[in-house]
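Trainee: In case you want the letters, here they are:
There are 2 protein chains.
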Amino acid sequence: MKKRNCIIGQSGGPTVAINATLAGIISKAKQSGEFQNIYGMINGIQGLIERRIINLLEEFANDDQIDNLKTTPAMYLGSCRFKLSDHTQDDSQFQKIVLILQELGITDFFYIGGNDSMDTVMKLNRYAKFIGIDINFIGLPKTIDNDLFGTDHTPGFGSAAKYVASSMLEVVHDSSIYDLPSITIVEVMGRNAGWLTASSALSRNEYNSAPDLIYLPEVTFDKDRFLADIENVMKKKRFVVVAVSEGIRDEEGNYLDADSRYVKKDAFGHILHSGTGKVLETLVYNRFHCKVRSIELNVLQRCAMHIASKCDLDESFNCGIHAIECALNNLSGQVVSMKRVSNDPYTIEYIHNDVENIANLEQKMPRHFINEQGNDITQDAIEYLKPLIQGEVMLRYENGIPTYLSCKHLL
Amino acid sequence: MKKRNCIIGQSGGPTVAINATLAGIISKAKQSGEFQNIYGMINGIQGLIERRIINLLEEFANDDQIDNLKTTPAMYLGSCRFKLSDHTQDDSQFQKIVLILQELGITDFFYIGGNDSMDTVMKLNRYAKFIGIDINFIGLPKTIDNDLFGTDHTPGFGSAAKYVASSMLEVVHDSSIYDLPSITIVEVMGRNAGWLTASSALSRNEYNSAPDLIYLPEVTFDKDRFLADIENVMKKKRFVVVAVSEGIRDEEGNYLDADSRYVKKDAFGHILHSGTGKVLETLVYNRFHCKVRSIELNVLQRCAMHIASKCDLDESFNCGIHAIECALNNLSGQVVSMKRVSNDPYTIEYIHNDVENIANLEQKMPRHFINEQGNDITQDAIEYLKPLIQGEVMLRYENGIPTYLSCKHLL
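Chains as they are written, first to last, in our numbering: chain A, 690 to 1100; chain B, 690 to 1100.
Take every hint as true, because none was put in to throw you off.
Identical chains share a label here; the pair holds if one copy fits it or two copies do between them.
Think about it this way: if two alpha-carbon atoms lie no more than 16 Å apart in a straight line, the pair counts; the simulated EDC-like pairs of lysine to aspartate or glutamate are:
1. Lys719 - Asp752
2. Lys925 - Asp868
3. Lys999 - Glu1087
4. Lys912 - Asp939
5. Lys1028 - Asp1043
6. Lys1075 - Glu1087
7. Lys1097 - Glu895
8. Lys772 - Asp808
The hints are simulated quantities; they were obtained by calculation from the structure and are not laboratory data. Given the structure is predicted, the values throughout are model-derived calculations rather than measurements.
Go ahead and model the full structure; you've got the sequences and the hints to work with.
Mentor: What follows is the structure in structure tokens.
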């Protein structure tokens, strides 16, 4: 008789690959023959508390649906932004959660997310140990920001990086057509870590040297140096393309779009956050008075499944498989992680780390991945990034648009 | 002995398909065996005047290069924004151009572009007739805006529409994950015509009804009605997704981002055009105080070859073929156009129209393509749009990014 029951949740911001991890867990759980039930919580831990629970074994009875899930962007189970309290201060949420898990006979709890989600896994694991219940709490990483500790890189990052690099190359073609000096500023997501902005450099090829400059949150942003950098490039090139992270900050640690010199208010006094790219567009225009454009890649960089990295989706799926292996070995308080064995040939091992050593820590770009002047990345960074965007995913299309799996519990 | 020599130029804003048209001309010209030389002008008519001319027969000696050109975004030959004067007022530019064309022994002049480019074709054709020289001036359409007169639709539009529809679907998945009311505003290109914004409706499928509202330049924009529309959708749906054309205008004919109530200046008094989406984001936030986001699709919608429409690229190529057929029949002052024979099965005929009946006319969306309230499109519009985004283009990738053709004359 099958004795195990598991429940899976997703949390934090969406990526192209988080459903691939969910697909990996479901696929391996079914294949193992050990699970009587596979549940999903809608809208993460928040939905669990509200008993919004679905039966994933029924929904994914057909393996074809699992394939479809693997190539569906965003989060099939929905998300939440919900921080558990400290159970030593207030354990009411924890009691509620454990009661529901026990009613369902849950043996294994899987939570796919970023830093906040790993905090949830850590707290639940601590509480379970404290009251002595036997449920495995296992975390699975995801974030386009690639800023989780303990893993070589995060599921979801490679696809976002491929989108950024490919879009950058297309923007370069678009920017090159006029016989006029121009400056294009491409704003990439990443509030504290520059990994995704750095990956724009993967667009460089035998004919394209852009992005000509790259600005990352890891380096203090200096407006004068920035303008001087652009001036230098303009001496050599007709059109300049710059990649900037949304999270660059000035010497006082302020985000550019929070800089009071640039704060704009509407008629009602509500502050407009115009975005880092727009702020720099104005700065650059006022200095050079040439054709200037800023492009905010916006949410497309985290949801554009139509140009996902095959490497990323496959690894994200494999992380799900490894999570089931952890569960079957009754490992709790673990976060599935990836360890790079070699760059060439690119080889990854799936490992797990104690969540206590991981939660709430941020992995920024190391200094040797950034050039001395702080306006570009190094060859080391390129070699680290390149394998992650390899391979294309063939989507099914119907009526000219991709066919994704309907998130019927969310829509 | 081959007696013909042709020259080709590109002009106006880039699209994903304008190089496919160039590829069609080169391919058919080579195949016809009638042409001794095939020249290209760099940066359009402006580059021609400056004698920046390249030998396309040499560059595309290899047919594999023509295939590669067909799937390269933006403009291989570069572009210009250059308006010829009226030759009856001042014929100095015309004399210069004709001198260069005669030196090269040009028999056929092809110009690929939008409305302004057709104006160039018309003026050159008038001048040639006036002075009695024997060169065929032939226009080929392109624009993502789909606003050219005399053709069922324009090359470049279908690919942009496919990008907009697919991205819209991905934004919908992204927007659906939180259990909170939210409003997402997607700003689409189109200053005077709403075709591209309308095509966002092609993202609707069995589970997705978004965009919930669509605002087009063809309909006067009323802020109060807009807010009431959103309020109505919010009664039925948790997350609202709205498509707006950058070109919507208020009752006084002013663009939204030129509305003085929203004009923002930086520290130097330079006016910031924040964009229609940003203006509406503020308007909506001030009214509903929920999660609001605006997404400007920006230049990606005109350069994202990675999700081009196969229908569009094939038709754009075929327009090039038809242009050579026109030339071989010594037709001058003609614009290659497409005539829709039927929607189902979708059938197109390649025709040509007198440039005098086409240049400087704008094709907007007809009223019966827009619903009565002016906040959505009709089934007629869907049936018109749908065939244009069909089919996917398999690109070659190298190191994880698409391989395009280097525009070495521009970079």
